[in-house]
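Peer 1: Quick mapping for you: the protein sequence lines, in order, are chains A and B.
Position in the first sequence (first residue = 1) + 43 = our numbering.
Take the second sequence: its position 708, counting from 1, is numbered 694 in our numbering, and each next residue is one higher.
Quick caveat, the hints were computed from the structure, so don't treat them as lab data.
The reader is advised that the hints may include incorrect statements.
Ranges between beta-carbon positions, derived for each pair [claimed, not checked]: (1) A:PHE83 - B:PHE778: 21 to 31 Å; (2) B:LEU770 - A:MET76: 20 to 30 Å; (3) B:HIS598 - A:THR98: 53 to 63 Å; (4) B:LYS495 - A:PHE83: 48 to 58 Å.
Simulated coverage check for chain B against chain A, where a stretch passes if three residues somewhere in it have a Cβ under 8 Å from a Cβ of chain A [said to hold, decoys possible]: (5) 422 to 429; (6) 434 to 440; (7) 445 to 459.
Output of the computed footprint for chain B on chain A, the stretches with three or more beta carbons under 8 Å from beta carbons of chain B [to be verified]: (8) 106 to 114; (9) 127 to 133.
Glycine included, every Cβ here is placed at the ideal spot set by N, Cα and C.
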Amino acid sequence: MKKEDTVMLISAEGFEFVIDKKAAMVSQTIRNMLTSPGGFSETEHGKVTFPEISTTILEKICQYFYWSLQYASGKETEFHIEPELTLELMMAANYLHT
Amino acid sequence: MTVLRSRDISSTAKPELSQASTPRNVVAEPVTPPKTSEFVNPSLKDVCTPKLDVLGSEIGFGVGAGSVMVSESGNVRRVSARLVKKAGESVGIGNGKRKKVEGTSLACVNTRNLKRRGSDMKLGVGSSDGNTDANIVSEVSKDSNDGDFMELLEDSAVVEDSASAARLEFGCDLIHSVRETRDIGQCKKKSSMDTKALGPESSEKDKLEKGFLSLRSGKRVPQREIIDIRIGGDSVQGIQHSKNGGTYCSDDVPVKSISEAKSDTTTRGRVSIEGKGKMKLNSEASPSSGIETVKLNIENVNGSSGSGVDQSAPNAVLPDEVQVRGTNLSEIDTRSAHRARFRNFARRNASRFAHFSPREEFGGRAHDVSGTDVTPETSNGIEDWPGPFSTAMQIIKDRETNRNGGKHGGSTDESEMVELKWIPKNHGSCRHQKQVPSLQDICLSILSSNADAVTSLDFVPDALRHKICWFLCDNRSMDGHFLELLVHDTPTEIRLRDCSWLSEEQFVKIFGGCNTSKLTVLQFDQGGGCMPDYVLHSTLARLPNSLPALTAISLKGAYRISDAGLNMLASAAPSLKSVDISQCPLLTYEGICSLASSLRFVLRELYIDNSHGIDAMLILPALQMIGNLEVLSVAGILTVSDDFVSEFVSTHGSRMKELVLADCIELTDSSLEVIGDKCPNLQAIDLTNLRKLTDISIGRLANGCQAIQMLKLCRNSFSDEAIAAYLDVNGAFLKCLSLNNMIQVSRLTALSLARNCKNIRSLDLSWCRNLTNEALGLIVDSCLLLEVLKLFGCTQVTDVFVDGHSNPQVKLIGLKMTPVFKHIEFPDFLLGPLRYPSTSL
């Protein structure tokens, strides 16, 4: 994966998740962060930090991004979520507008 | 106010002119000056021979005036009054009367003269005309000053005397007006002939001439309007002026009478000359519809052109008119007397006028729809009613007429083209694009199925809590456990739309230990089973101030709550701004009154839908006591009457943002008239099932409530044109529209929706079976912000529309071939306590 096609999402604990830009754009919030004019560091460096999202949740979110792309291209499967994650995941998803 | 748009325009154009021409206008008020002029001229010929002709021309004029007047009933009356008085008044009219009168007299005189001479009244017709003109001119010149008109009047009076009694019966005014028209026409002729016999200020003659001339040359007369305007410049002007002068065209009435009197001959004469589409219509109608034709013309003038006619005519005529009028300015008092008479006259004859005058379009319709008793209201309302709505209606009607008759090339083309042309561009391709379920939705569904596993809702924002509760209530898996989680640790908002599962003991237990000090929103709908009065003591209303922050409470369906319980709640929550106590049958007016008195400074929203124990008239004083009420919902309360609405609105009208009057079947047009007048800030109104309402109501709403974003109509009897006209006027701001079960909705509304409602988000066209696939396709492809389109019961819709439309985000609900959505309407989970939050608290 080329550098320009990826973004890095950093969780509260500091874990860095490198994913395709296209996948990250599934989240409206991230899309706005990366595309808004104004010279934000996110745009420049392609790194977004989420100090309130924990690692497990962020990982699940990245999985969702890829699943979503897959779904849109026709391959419809089920996205499994561990129940104990659900509440937090929902809050994170609400924040990320996804 | 836009009594007469035309008037405003002309007056702005030439204020002084209007002044001068007031008298003339007064008389000739007709909105359709062109018509009159035409009438005058051609009718002159006709007039010459029979008296009727004279009248006819007069009538034509008058009609023009009349029609204009119709809109302003005052004018009408005035004219008729004048006519009635005739001799006696003519003098008075001439002098002090409004210029209108003078104008009329002038016209009358002229006509007479023409008649007498048997000269061709037409423009530039032989020497006889010249003679006539001369006479007229002289008369005119004489009348240029105050006295002149009088003379003219007298002359006309004389003529009138000789005229048929019929004329008289209708009142001198008509005759006068007719005469005036004639005169004006004459004047025009004269002016053309005599060249500047009339000096600009010296006499109206000049003005007339100029007016005439200018009219002739200027064909500024609104094209739509009749050619008459051009010909009868003066008359038109006269009308214009009258309009400018703010005279109302009472001519409608008088005109009518005149036309009635001699409709046959005159109308025909006039009609033939008209040559315009509208006029032609008249001609066809002539014998009996002489008046009608005139009216139509007038309508045309009024309606379609509205401004058009006025503009053209006044421009041309104004200078002259003004001058002429100037001389006779002092008729105001007489005028008011006349006005009163005209009013009566109008009232008597309103139905006839109503059918044709643009303003009274609705009156007529109302008449048809709701019976004669509506007519007087209509005529009363008409005078202060003209506005954007009536113009829109007129335009639509004209378009339809043109479409049908092919009379006006321009507009016909337009309408033909606007004819629902919609080609499905999309061939189902965008349907295939699946909507990816959002992560939130997936989580929600999992949560709702596993609610019992949730151990804590701390840190979950309120919006999400509400969402979860919503789905849980849906699944009926809401239980005490979750409720405990919700109330745990000083909740701020609790929204439960279904508490029917809750038992009394549970309620006491759960809420007994709840720290309600920060609770701002409590929605406890359908909680009747668990909330009798005595329970409140130990739970919500523990202490007088136990709910200090509570801003909104909803106890919909709390069927065991009585007035005492309500009192307890009110004392416990002194800062309540929104109270929803719908479907609480035990509540009576006493409860509401005490609620109102304790919350009178803070309460903003009150919902008492279907709480049938409450008598509307008895709570009216309490409601009027509430200072800041902005939302009132009284759906289903049958005691809500027109009196209630009018009194309520007179106190609170300027603040009202939402009124739900669904199922208050006793309401009639008068309520909507009051609402239209007094509620300029109204944003949402629900008129479901109000069958007594007619097009007048929607017209009033269009003219008066320009801020409406949510309109709910269901099973009302508004016509297709009326709804289309409403959308033309107010469609731009509309976000949510329901035309459920409005079976008369069809092409016109669809066109209007597509053209105007660019901001609409939610549209309900269920049971509108007259909407074709093309209509719906056009709507959906034009309203790009549309999210939800409900089409229940629309069996006429096929895949052509469903697969062919190219709006990617619209959700079609209710058709056989669309998916069944689990939820049609989600509440706005982010909504705060108040539906219309304001900056000031």
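Peer 1: Quick check: which numbered hints come out false for this structure?
Peer 2: Of the numbered hints given earlier, the structure breaks just one, which is hint 1.
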